[in-house]
Amino acid sequence: MSAPLHVTLTVNGETLSRLIEPRETLADFLRRDLGLTGTHTGCEMGVCGACLVLLDGVPVHACLIFAVQAAGANIATVEGLTESAAVTDLQRAFHERNALQCGFCTPGMLIAAQGLLDRTPMPSRAEIRDALSGNYCRCTGYEAIVDAIETVARKRAAGEAAPRFAEEPA
Amino acid sequence: MNAPLGSLDRPNSYIGRAVTRPNAKRLLVGRGRYVTDLTLPRMLHAAFLRSPYAHARIASIDAEAARAMPGVRLVATGADLAKLCAPWVGTLDHFTGMKSAPQWPLPLEEVLWSGQAVVAVVADTRAQAEDAVEAVLVAFEELPVVADIDAAREAGANRAAAGIEDNLCFRSRLDTGGIDAIFAGAAHVVEEEFHFGRHTAVTLEPRAILADWDASEGKLTVHHATQTPYQFQDLYSRHYGIPEASVRVIAPDIGGSFGMKLHVYHEDMAVIGLSLLCRRPVKYVADRMESFVSDIHARDHRVRARMAVDAGGTILAMDVDDVTAIGAFSAYPRTSAVEGNQVIRLMGAPYGFRNYRAELAVVFQNKVQTSQYRAVGHPIACTVTERLIDMAAVRAGLDPAAMREKNLIPDDAYPCSSPTGYRFEALSHQASLAKLKALMDYDGLRAEQAALRARGVYRGIGLAAFVEISNPSPAFYGIGGARISAQDGATLSITPSGEVRCLISVTEQGQGTETIIGQIVADQLGVAREKVRVVTGDTETTPHGGATWACRGAGIGGETALQAARRLRDNVLALAAAILQARPGDLDLRDGLIVDALSGAERIRLAEVARIAYFRSDTLPPDASAQLSITHHYAPQGYPFAFTNGIQGCHVELDVETGLVKILKHWVVEDCGRIINPLLVDEQVRGGVVQGLGAAFFEECRYDAGGQLTNGSLADYLVPMAGEMPDIVVGHIETPTADTALGAKGCGEAGTAAAAAAALNAVNDAMAPFGASIAQIPMTPARLLKSFGKI
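Listed in order, the protein sequences are those of chains A and B. No gaps in the numbering here: position 132 of the first sequence is 132 in the numbering used here, and each next residue is one more. No gaps in the numbering here: position 653 of the second sequence is 1653 in the numbering used here, and each next residue is one more.
Among the clues, some could well be false.
[Claimed, not checked] Covered stretches of chain A, going by a simulated chain B footprint (3 or more residues, C-beta under 8 Å):
hint: 1; segment: 95-107
hint: 2; segment: 113-121
[Said to hold, decoys possible] A few chain B positions that, by computed beta-carbon distances, are all more than 10 Å from chain A:
hint: 3; residue: Gly1178
hint: 4; residue: Thr1203
hint: 5; residue: Leu1587
[Stated by the list, open to error] If you want a taste of the chain A side facing chain B, the calculated C-beta under 10 Å gives, among others:
hint: 6; residue: Glu21
hint: 7; residue: Leu36
hint: 8; residue: Ala86
hint: 9; residue: Val87
hint: 10; residue: Arg92
To be clear, the hints were calculated from the coordinates, so they are not data collected in a lab. Predicted, not measured: the structure shown is a model, and the values here were computed from it. The beta carbon of each residue, even a glycine, is placed where N, CA and C say it ideally should be.
Given only the sequences and the hints, what does the whole structure look like? Please build it.
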């Protein structure tokens, strides 16, 4: 253990300065220090994908990065992506297709899907399955998730914008 | 009778509709509230020192250094907690002769598996607690490890635990008589020895508990990631001597459960005691490595089985010997013997043969406890039966589908019983098989298979019919002496604004319990679904009930909601009639309006009835009774279990050089009775299939001879991922149960029940040209290459 370090980073558009223990992971920092509990930890060894966040726009495992290593970086979590409406269409498609059950993997799935569609706007089903191969879901069997992402890819390609997600009644 | 249900063309007709889940939205935006996420003021964190040995005596514990570590509030041993917590024994009364040693939150003298929690440390942060665990010194004296199921049963064998006379936890025999003679006279006998790898639930959110003892009120509040809050309210109350009404268990959002989160875990019991000792909230979340060595495992079976068939391919008899290894204790309160019991009773269940013999031995060993995990026993029984059927079909010269057509219980033969004593109300095996063949294009796949074999491509087609046991009546746990309720309860209210609140004892883990309850209540009451708020998972607000397991949510919870809604509707119409000076029978409730039943003309809004009842009761006639809240309980009363059925098909391609199997596609036709929400049913089935395929190809808790788990991390224990899983086609037959008005049975276990069996048959079918076969899961590439003689 060593003394806390002073770290400045941007989380969901807000620049923060915090004293952080060097051994604290980015996942623990987001969850405990900032209350951003939408980022989950399922294995804490970079296997399950529940802790994925966007770091400078790229999906990374928040459990494999120490928070101090994120100094100067721009982090986006599911909470921020919800507020900026960046993943509204994915959230809507997941909801309509019932592409989640317990929901514990879901924020990570959304981040992985967003990363995939940024890289590959019109992925095949096989490419979607491949891109999700670092995201473990025990509930759905994956097919509904693949369906939802495929739907969003098609809609984004057609230029369709989704209405806001959270305010609509189920 | 089911007759009044099923019309989808009237207002609020939600039963049978694919509607989305209102409560899924918060999970999608990161607002889920899992126990993992919770913090309370002055909350402390627990961590546990775990045994590095599979079997050892605790010689001494030195915690002085740990107590002096930063942030440490308490170090507690087994002796400390035993002063507060009464021990428990994992047996059921109706399992005659069953035994298991008493258990305490932390061991007093002897550790019984590698990974067992031994000492608890409570500190201001989890990291501080873990740091202090490292400073606790425990001297262990190693004892002989019981790890082999045959050696464990020999006379004079080392015992897995000091508190038992021998390593046999439970033994059961079924015998319809004359089996040896039937086998001796049969035209064909096939037999096989099957091996099933221990595997585990791997919920994505690990086990989590936050206990909050308030000494001022004498009240214990436990936020617990569990399926069964009432069961735990009862257990915490009785084992810690706290009045039941002073124990509140809250199960909020839960990150997966699958049966794993309804057992008593030693750490969870310990955390209650730690909170009592610290008089502060104490939280414990298992990390993934701890999960692998402390969550229950399941399905560790070796089955020797044979099947006798006549010359025409009609099954005459089965003869089964199942040995299952469970750990050094039987789990509590559901025991570790139910799985084996269901294995031997579900064998051959889809088929019409009458002669059966089975022997079950449930054996202690020094490993993690096993117990109920999704589709308890089904995959074992189904795999053994369905593989023997395929082997028998070859001997009888029948195609596997034709063999099943010949032997499945005819759809017009119900009600009937299995030779193992199960009573079937109405199943649909023949219709399911016909539908599956059509969905798969079975004949087309067979033709393609033959053509591809000629080109050196080895594909296999596997079928597996299943019967699922669901919705147990009190004739199971109740009679067994366990305080596990077979009934459920709901409190249903019209709010002053004319909306609806439903507090119900079935619980939600993402399968959509709250959604289907909301559908049923809205449908039966006659209001829009958006007006119904369903509340679950809190013993302080919802009536006592069995909660969610064994597919009870729809069958029992759904019927509870239906009956409650009908009663409340009667109250509403009676009150409206009093207000309108009409007869209740002439009124109806539709879409939130009290209408004239014949013409449909609006008479008064439900909201107006509620306003009068709550705020202007002075204007009601003197004899009017404004009962806009009701509590209703329902327990199954007809058949002891609701059985469901179905059949699965699996299509694979085997790479005979590498032993790798590509799952091309998977099909399921299932009959869960009345379908309340097809969107949710299909996804239950798909998720279940993937858990079954995980067991078939990947998942295994691998132990060495010393009882050490050698792959206890998510990097080493393989779970099915998106890239390896196929698209899954789901079809339905609907045979509602006549035991309830709703007619729903259950669908949670169906996918898992037969997926591994279909996969095993498919792989064996692919290997058939080489004369190779396999009878072990998971079917790893190395095992498949061995079966070919390549390695």
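A quick look at each hint next to the structure:
{"no.": "1", "hint": "95-107", "verdict": "holds (count 11)"}
{"no.": "2", "hint": "113-121", "verdict": "violated (count 0)"}
{"no.": "3", "hint": "Gly1178", "verdict": "holds (44 Å)"}
{"no.": "4", "hint": "Thr1203", "verdict": "violated (6 Å)"}
{"no.": "5", "hint": "Leu1587", "verdict": "holds (28 Å)"}
{"no.": "6", "hint": "Glu21", "verdict": "holds (8 Å)"}
{"no.": "7", "hint": "Leu36", "verdict": "holds (7 Å)"}
{"no.": "8", "hint": "Ala86", "verdict": "violated (12 Å)"}
{"no.": "9", "hint": "Val87", "verdict": "holds (9 Å)"}
{"no.": "10", "hint": "Arg92", "verdict": "holds (9 Å)"}
Of the numbered hints given earlier, the model fails hints 2, 4 and 8; all others are met.
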